Amino acid sequence: MINVVSAAARFLTRVAAIFLLAMVAINVIDVGLREGFNAPIFGTHEIVVFMLAAVAFLAIPEVFLRDQHITIELIDQVIPDSAARWLRAFGSLCALVYVTLLAWHMVQPALDYIEFDEITMDLQLPLIWQAALILTGLGTAVIAASALLLRDIGQAVRRGE
Amino acid sequence: MTPPEIGLTGVVVLIALTLLRVPLGAAMGLVGLVGYAAIDGWDKAFIVFGTTPYHLTSYSFSVLPLFILMGTVATRSNMSQELFVAANAIFAGRRGALPMATIGACAGFSAISGSSLATAATFTQIAVPEMRRYGYDERLATGAVAAGGTLGILIPPSVIMVIYALAAEESVPMLFAAGMIPGLILAALFVLVIWVMVRLFPERAPAGERMAWGDRIRAILAMWKLVLLFGIAVGGIYAGWFSPTEAAGIASFVAIVIATASRQLTWRGLYDCVMETLRTTGMLMFIIVGAWIFAYFVVQTRLPTGLIDLIKHFDLAPWAVIMMILVFYIILGCVLDAVAIILVTVPVFLPVATALGYDSVWYGILMVVVVEIGLITPPVGLNIFVMRAQLPDILLTTMFRGIAPFLVADGILIALLLLFPQIALWLPRLLYG
Chain A
1 MINVVSAAAR
11 FLTRVAAIFL
21 LAMVAINVID
31 VGLREGFNAP
41 IFGTHEIVVF
51 MLAAVAFLAI
61 PEVFLRDQHI
71 TIELIDQVIP
81 DSAARWLRAF
91 GSLCALVYVT
101 LLAWHMVQPA
111 LDYIEFDEIT
121 MDLQLPLIWQ
131 AALILTGLGT
141 AVIAASALLL
151 RDIGQAVRRG
161 E
Chain B
1001 MTPPEIGLTG
1011 VVVLIALTLL
1021 RVPLGAAMGL
1031 VGLVGYAAID
1041 GWDKAFIVFG
1051 TTPYHLTSYS
1061 FSVLPLFILM
1071 GTVATRSNMS
1081 QELFVAANAI
1091 FAGRRGALPM
1101 ATIGACAGFS
1111 AISGSSLATA
1121 ATFTQIAVPE
1131 MRRYGYDERL
1141 ATGAVAAGGT
1151 LGILIPPSVI
1161 MVIYALAAEE
1171 SVPMLFAAGM
1181 IPGLILAALF
1191 VLVIWVMVRL
1201 FPERAPAGER
1211 MAWGDRIRAI
1221 LAMWKLVLLF
1231 GIAVGGIYAG
1241 WFSPTEAAGI
1251 ASFVAIVIAT
1261 ASRQLTWRGL
1271 YDCVMETLRT
1281 TGMLMFIIVG
1291 AWIFAYFVVQ
1301 TRLPTGLIDL
1311 IKHFDLAPWA
1321 VIMMILVFYI
1331 ILGCVLDAVA
1341 IILVTVPVFL
1351 PVATALGYDS
1361 VWYGILMVVV
1371 VEIGLITPPV
1381 GLNIFVMRAQ
1391 LPDILLTTMF
1401 RGIAPFLVAD
1411 GILIALLLLF
1421 PQIALWLPRL
1431 LYG
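These protein sequence lines map, in sequence, to chains A and B.
Mapping the first sequence onto this note's numbering, position 135 (from 1) lands on 135, and the numbers just tick up by one.
In this note's numbering, each residue's number is its place in the second sequence (first place is 1) plus 1000.
Extracted from the complex, chain B is given alone in its bound form (with noise of 0.2 Å):
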């Protein structure tokens, strides 16, 4: 077998392993090491594998779990209610005034949350029950709550971008810059899509109450915490002052000493959060080492060179291989969660953008893009399933035919994306030239 035969027979066997319930992280390990064996002899291939884990233990991977750690308090110590509180009163009045505040809502939990999961879980027990008490439809209240939750690994800080940035060795400041404007786009869209939701089925939501301006003002400022964490944690970056470490760790102490102070943290609920991320990073870990042994395994086949060479034979334009490779995105965004399909598929994809003259960063985006669709659609969308998790008497029907006109969105944004890369690419450009 010539070395890209191995990597294509490396590719089925780690998907046929991981349908066979194989912990992703092992499965790309053993995938890894055993194809870079069959190409380069045991002895290499395990001198690779041993090494491996201590190469990882680099300062890069230290934003990891500080950001986690900054995401979980932020869950976990209502801040998440006065947003929703605070963007209720900017869309009060307005019918759909409820969904449209979750989306606001969420895009601003995403700023500190790092997380498209706990954006989901947060607001589905906080939004939903508003929604059915004022009687929304229940597929327009699951829909948006479903759809903003995504807005957790576009708008920065983001866990995945992390996760992009250290698979493709990418800067974290450049992509969390590059997430920001396609991040506030997809909130508008959503927003627009509840718009025109309401007006097409006014049935679906009922006219907002009105509320007056003086407290309009009040929920509005409460949202500082929110305002500070997020100026810490990426305005830090923006500016210069930090390193993605260092703003992840102050963002950390920040949200600690708030949470406390506002009494909304006790010493055991810090304990909790302490844990749960430790275990979070863990679970990361073990999966980034294996993806790691995997990508040595995929360079050694040379396959991306393969691609590249098959698509010079083809002669295909650059947007059209783009789009296969979404189209495949999206059909292993239906099997896989998006931690796997940025670490499976970096080594292998990448390569060819960035022949193709593709950036980098942008690719990374619109990666983020089209892997959060993955999150609301069957069977694998996470985020339904931490959603249905909470509202067993919803059936998952509902909430996949809810989530359905929000998806259109994110098919402009893509579309956005690939025909204007600049809506990625000019705040980082703009930031670091």
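With the rest of the complex left out, here is chain A (with noise of 0.2 Å):
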């Protein structure tokens, strides 16, 4: 199951890597087009935040995987190992609740996005379009968790037997 998620994350931060890469290149041309010809682009900014929404929260998934999250590593070093594997797999119950928790919550607001047909000021982009990508991030990040905390389970089970 692990390969599946790895691949389909790895796949989301590549997505991301697109819209990172023409976010720098959107402030170049943006820069350039304004100080040499005084002709910016229009809703430079909006596209740039769309962009964001993208490179913020897409890569979210792989950072599960790679266990890249910041956590304190105080207590592990005095506890038995057996207890140290239990623990980590306690903060990966953690981190599923709270992002499954999060990801659910933020459907509702999406779905007013649709029904309200909420755009941005200059671009009229429909909200709808960010918010699917940040939720396309926390819902995989959801399955990424979960993936974690079978993996952190069994090898505290494994180890323990």
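By construction, these hints were calculated from the structure, which means they are not laboratory data.
Quick caveat: nothing in here was measured; it's all calculated off a predicted structure.
All C-beta atoms in this analysis are idealised placements derived from N, C-alpha and C, irrespective of residue type, glycine included.
There may be inaccurate statements among the hints.
[What the hints assert, rightly or not] Chain A is faced by these chain B residues, among others (derived, beta-carbon under 8 Å):
#1 P1023
#2 T1051
#3 P1053
#4 N1078
#5 Q1081
#6 T1277
#7 T1281
Using the hints, put the two chains back together into the complex; each one sits in its own frame.
Pasting the structure below:
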């Protein structure tokens, strides 16, 4: 299971990579056109914000799978290994509960964007596009966090036997 | 329970969860959600909870991935080696030249990397082997790199300053301007510490080799990449040419172009830089979402107001309150990392500091200085662990002993900031009024 989740997470990070490079490009082009020809790109801020949704949230599943979240590993050093493995599973459980609640409660505001046709001011981009990117990142993070919890529980149980 | 009591309980539970190895973002988000619900009910809590990530996707946050990308490219593309050679050219011939050069190179690298860990990791690879080769004492060598690394978050551009600016709703350009002079003073104090150390213990540092003036000038001129990147990233903001996001975007682009043109960055290297940037951004965003939910909860608890009332009740002098906060930060720095300290404490302590009449930009710089002490003090001195991973044959105790003299410099800078706030505030006021 973890291989499939890893592949999905890596794919999303690669999609985010395109958005990041595009974010660099649009800033360079916008400033170039503004300073050189007094003709900045209309709605740059909104495009950048749209890209930020991908850049900031699509890599979160990979952060889970690579264990790159900031955790304080202080108690691990003073308790037995078996207890440390259960502690690790507890941390993964809390992360799963949190990210699941978060993703779930973000669905309704996203549905509101659709129902009320909410759009950005300048370019009139539907806000649901942005919300969809964020929800894709966090939704996949839920699956990644589940896979991680199963792995941690498995390791704790196996080593305990 | 009253809201302030719920607030205090929330803070205690948050610390307990983080010590129990719960990822920081999840710990802050869960405590924030449950705490908010305890005060205002679950319905309102879930609305705040579910809308926070959407609110955070705003233009001001876009500066974060772009500065991280610039720092990652600069770190991977050998600019650090040229900086070290250039800094060495400045100090060549003096006893203790290499550790002094390390501080100089770290200060320069800070101006393009924005990260303490990147600075410490980079110069552990470059400077420590060189210092060992010339017979420098390991305490002095590792102490200089660890201390120099902390300049990464004080000298702009700094990712930690951006995070503080976002948390405190402060201006990134103001903070970048405010960090410059304290950063340079701290670098000078670190050099002074090395000078004193080699005077007191000459056996720890061999006499440096002299360098011809022509070679010195050539080495210094090779720093043009740094000057160009710093000029765009920070100079462009100071001069008002670019917004922080634009400056970060252009500086990232220029860093990629320079590194690729000088064949120090392959396509594979660029791919790795982009992927690393995205994972760092994702990790920070996960924490920031949790921190914002926690901050909404703190506002509901009226904890800062309670603290201000308490201060008034005991008639404490403002400087005494700031000293107590600093001591608290130093203790917190022993168990939490820099991002965590800033995001957890800003909602609680910043309103107290501003109510006492302190400037929020000045307070941000003071926080960054104190937080950087946590990077080099046990037990969670992250700079030390990064160095230890690369230098497994040097004991942690040796590294911590090497750092001790540099903490005096940090103490002096804190005292100077407390006595003369203008050190931090002069430049932003000159530039932005």
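Now for the hints, and whether the structure bears them out:
1. Satisfaction of the interface hint for P1023 (chain B) is found here, the shortest Cβ-Cβ separation to chain A being roughly 4 Å, below the 8 Å cut-off.
2. About 5 Å separates the beta-carbon of T1051 (chain B) from the nearest beta-carbon of chain A, less than 8 Å, and the hint is met.
3. Checking P1053 (chain B) against chain A: minimum C-beta separation of about 6 Å stays under 8 Å; hint holds.
4. Violation of the interface hint for N1078 (chain B) is found here, the shortest Cβ-Cβ separation to chain A being roughly 21 Å, above the 8 Å cut-off.
5. Taken as an interface hint, Q1081 (chain B) does not check out: its beta carbon lies about 25 Å from the nearest beta carbon of chain A, beyond 8 Å.
6. Because the closest C-beta pair between T1277 (chain B) and chain A is about 7 Å apart, less than 8 Å, the hint holds.
7. At its closest, the beta carbon of T1281 (chain B) sits 6 Å from a beta carbon of chain A; the interface hint therefore holds under the 8 Å criterion.
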